[in-house]
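2 protein chains.
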Amino acid sequence: MQSFAELNPSQRLLLGPGPSMVHPRVYKALSTPIIGHLDPEFLQIMDDIQQLLRFVFQTKNQFTIAISATGSAGMESAFVNMVEPGDKVIIGVNGVFGNRMSDIVGRCGGTPIQIKKPWGQSIDLQEIEDQLKQAGGVKAVALVHAETSTGVMQPLAEVGKLCKKYGALLIVDAVTSLGGVPVKVDDWQIDICYSGTQKCLSCPPGLAPITFTDEAISIAKSRKTKVQSWYLDTTMIADYWSDKTRAYHHTAPISMNYALREALRLIHEEGLEKRFTRHKQSSLELFAGLQKFGLTPFVDESIRLPTLNSIKLSANIEEAKIRKRLLKEYNIEIGGGLGDLAGQIWRIGLMGESSQKANVVYLLAALAELL
Amino acid sequence: MQSFAELNPSQRLLLGPGPSMVHPRVYKALSTPIIGHLDPEFLQIMDDIQQLLRFVFQTKNQFTIAISATGSAGMESAFVNMVEPGDKVIIGVNGVFGNRMSDIVGRCGGTPIQIKKPWGQSIDLQEIEDQLKQAGGVKAVALVHAETSTGVMQPLAEVGKLCKKYGALLIVDAVTSLGGVPVKVDDWQIDICYSGTQKCLSCPPGLAPITFTDEAISIAKSRKTKVQSWYLDTTMIADYWSDKTRAYHHTAPISMNYALREALRLIHEEGLEKRFTRHKQSSLELFAGLQKFGLTPFVDESIRLPTLNSIKLSANIEEAKIRKRLLKEYNIEIGGGLGDLAGQIWRIGLMGESSQKANVVYLLAALAELL
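Chains as they are written, first to last, in our numbering: chain U, 1 to 371; chain P, 1 to 371.
Bound-form chain U, shown alone (with noise of 0.2 Å):
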C-alpha cells in the first residue's frame, strides 16, 4: 500500500455554502484531550451546551440538544419522531431542502403535500392556509427557513399560530439561519427547528443542534409506533441529555461537543442582534460591490438571505472556470448552482467567522481580477 503523507490541506477562505470559517479558540477547544462520555464535568459541558442553545434558538424548551451527526440527521430526527404512517405534512418546496423534506417524509410512511414554487421564491402564508384547509388533519408543516440552495429566506412570523389553528405542528429547517438572522422559536411557535454547525454557527460540521417542544416530545412518547431510527430516537436521546436520568444511548462526539460550546461561547459573548446587524452589514457590502461588476441579487430584496448571497450570473461569465481559478489562485471557496440552478447562480456565503468585511474586499478583488 502506499504511504500517506501527514495532513497539511491549503488554508482556505470559505466563502461558499458551508462550512464557514472556524474562530481559533473553537479549534483549540475541539483540539482539547478527551474525557469520558459520561464524566460529570462531560456532563456539565452538555449542560452548558443546552443552555446555550436555548439562548441561540430563543426558546425555553427543555429538549434543545446537539444530535451526533450533521445537519441532515437534524432533519431526519425531526421527521422520524413526529411522522407516523398515513400522516400528512404540508412542504413547502422551493428549493433541494424541501424535496429532501419530503422523501425523509416518504421513508417514514407519511404523505407529503407539496407546495411547490419556483425556486428563488418563498412560500405564501395564504397557501399553507389552502393547503391546511383543503388537506385537512395535517400533522405537521414543515418548512426551510433559509434555503441554502437560493439564498431565499421565508417568513416564518405568522405560520406559527396559522399552523395551531389547524392543530398542525411547525417544523423548521434553520440550517443556514441560526446564528445568522433571527430564529424566535418560541415567538414564532415552532414546534421543532433544527440546525447544523458549520453554518452560521461556525462550528466545524459534526453536530446537529436541534429544539422540541414539551408538545412535541409528548407526541414522540405516545406514537402508536416505535420511532423507526434508534440512533435518533428521541425519547431515548432525552434520557442522555437531562440531568435526571443521564441514561447511557450512544457515545456522544466529545470533541465536536468541546468545539460546539466555545462557537456558542462566542456568539453569547457578541451577542445576537450585534451578529445579525454584522450580518447584514456583510451582505449589503458584498452586493454593493457586485453591484460594479454589473452582477444582481437572485433574490428579491424582501425575503433575502444576508448568509447565503445567491448571485445572477450572465451567459457570458465562465462560471465555473471562476470559481476553480478562486479556489486554486485565490485560496476562496464559494458555491455554484445546485439543480437547476446550476451554472445560472452563485452562492456566496458569509456566515458566522466568514461574515466579515475583510472577507468581503478580498472576494471583490479577486472577482476584480478575474471578471
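Hints may be right or wrong, so weigh each one.
Chain copies aren't distinguished; within one or between two, either way the pair holds.
Taking lysine-lysine pairs in the DSS-like style, the calculated list, with each CA pair at most 30 Å apart, reads [to be verified]:
id: 1; residue 1: Lys-274; residue 2: Lys-28
id: 2; residue 1: Lys-244; residue 2: Lys-328
id: 3; residue 1: Lys-328; residue 2: Lys-280
id: 4; residue 1: Lys-139; residue 2: Lys-226
id: 5; residue 1: Lys-226; residue 2: Lys-117
id: 6; residue 1: Lys-324; residue 2: Lys-244
id: 7; residue 1: Lys-116; residue 2: Lys-161
These are calculated hints, taken from the structure and not from any lab test. Quick caveat: nothing in here was measured; it's all calculated off a predicted structure.
Using the hints, position chain P against chain U.
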C-alpha cells in the same frame, strides 16, 4: 443567563469502555483549519481514509467508508440497508449490543430471532446452524465480535462460511475490536462490518467506519422498499464517496475525518500484527497484576478480549466508591458493569493508545492504594 468559563476539563487517563486515549498527532489533525467537503483536497482525504480503512478491516471491499455519526449509527446503517419488512435476522444476544441489534431489526419491520446466551459466554457455531435450519430463509446473521458490556470475543472464523451455505448475510459489530484484535473481513466472509472511532482506533468518537461487500451493496440497491433512513442510505452515500460521482449527499464532518485519517495513519505505521501483540501484552500484564489483589477475569481465556477487560468483583469491594476515587483522586476512568452485571464487574479498556504498559502500571499502583 450565567457566564460560561473557558473549557478546562481534567486530564483523564481513559481506561474505560471507551473513548480511549488519543495521540497528540490526532489532536493536531483534528484542529487543522477545515476546507470544504467538496474541495478536491478533501475528496483526496476521503480516498485516503477509504484505503486506510480497507487496511484495518483487512478487506478489498470498494464500499469502505466512515459514516458521519457514531458507532451506534454504524449498527443502524447495517440493518436499515439490509432488512426489509418480514426479513428474518438471527442475532446473538449475550450482552447489551445484541439486544440493541434486535431492537433495530424490529424497527425495520424485520423479525429478530435471538440466540440468547448468559452474559460472559459466546455463541456456538452449532447454535447458529440450528437456527438457520429451523427458521429457514434467514436474511442475515448478526453477531457482536467484541461485546463491550462483557468483554467476550465472539469466534468468527467459521461463521461466514456457514452463513453462505444457508444463503444468509453475516453482519458483524466490531466496535471494540477493530484495530485491537484481528478483524478479517474478507477471510471470514463478513458481508457488513462496522466499528466506532473511539475504541481501538484511538480517535475521538464521532464517526463509524463501515464496510459492505459488493453483494451487500447490490442487495441495498435492489430493495423493494426505500431504506427507511435517508441519512444512512448506503446507495446515496456510495455516490458521495465514489471517485466516479462525488455527488453531494450531506456535509461530511471535515475535522473528524482529518482526525480519523491521522489515527489510521498511526495504525498503518505501527502495523496490524505489532498492534495486536501490544494489545494482548497489555491485557496479560493487567490480569497478572490484578491477580495479586485476588481479582480474576470474568470471561474464560479462550474467548477473552484483550481490549475490554472485565473483572469479577467480590461482594466486599465497594466498586462504585473505588471507581469514583480512581476518577477523582487519580484521574483514571474505568467502567462499571452494565445491566445485569452492574456492581458485579469492572470493565477496563486497554484500547489503542490506552493499551500501554505505563497505563497498566499506574492503574495497578492506584488500585493497590485503594483496595
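We went through each hint and held it up to the structure:
1. For the identical chains of this complex, Lys-274 and Lys-28 are intra-copy neighbours only, at 24 Å inside a copy versus 33 Å across copies, given an alpha-carbon limit of 30 Å.
2. Taking identical chains as interchangeable, the C-alpha atoms of Lys-244 and Lys-328 lie at most 30 Å apart only when they sit on different chains, with a minimum of 22 Å there against 52 Å within one chain.
3. For the identical chains of this complex, Lys-328 and Lys-280 are intra-copy neighbours only, at 28 Å inside a copy versus 48 Å across copies, given an alpha-carbon limit of 30 Å.
4. Both within a single protomer and between protomers do Lys-139 and Lys-226 lie at most 30 Å apart by alpha-carbon distance, with minima of 17 Å and 22 Å respectively.
5. With identical chains, the CA atoms of Lys-226 and Lys-117 are at most 30 Å apart between copies only, with a shortest distance of 26 Å across copies and 34 Å within one.
6. Taking the shortest alpha-carbon separations for Lys-324 and Lys-244, only the inter-copy value of 19 Å comes in at or below 30 Å, while the best intra-copy value is 52 Å.
7. Proximity of Lys-116 to Lys-161 under the C-alpha cut-off of 30 Å is restricted to the intra-copy arrangement: shortest distance 22 Å within a copy versus 52 Å between copies.
The structure meets every hint from the earlier list without exception.
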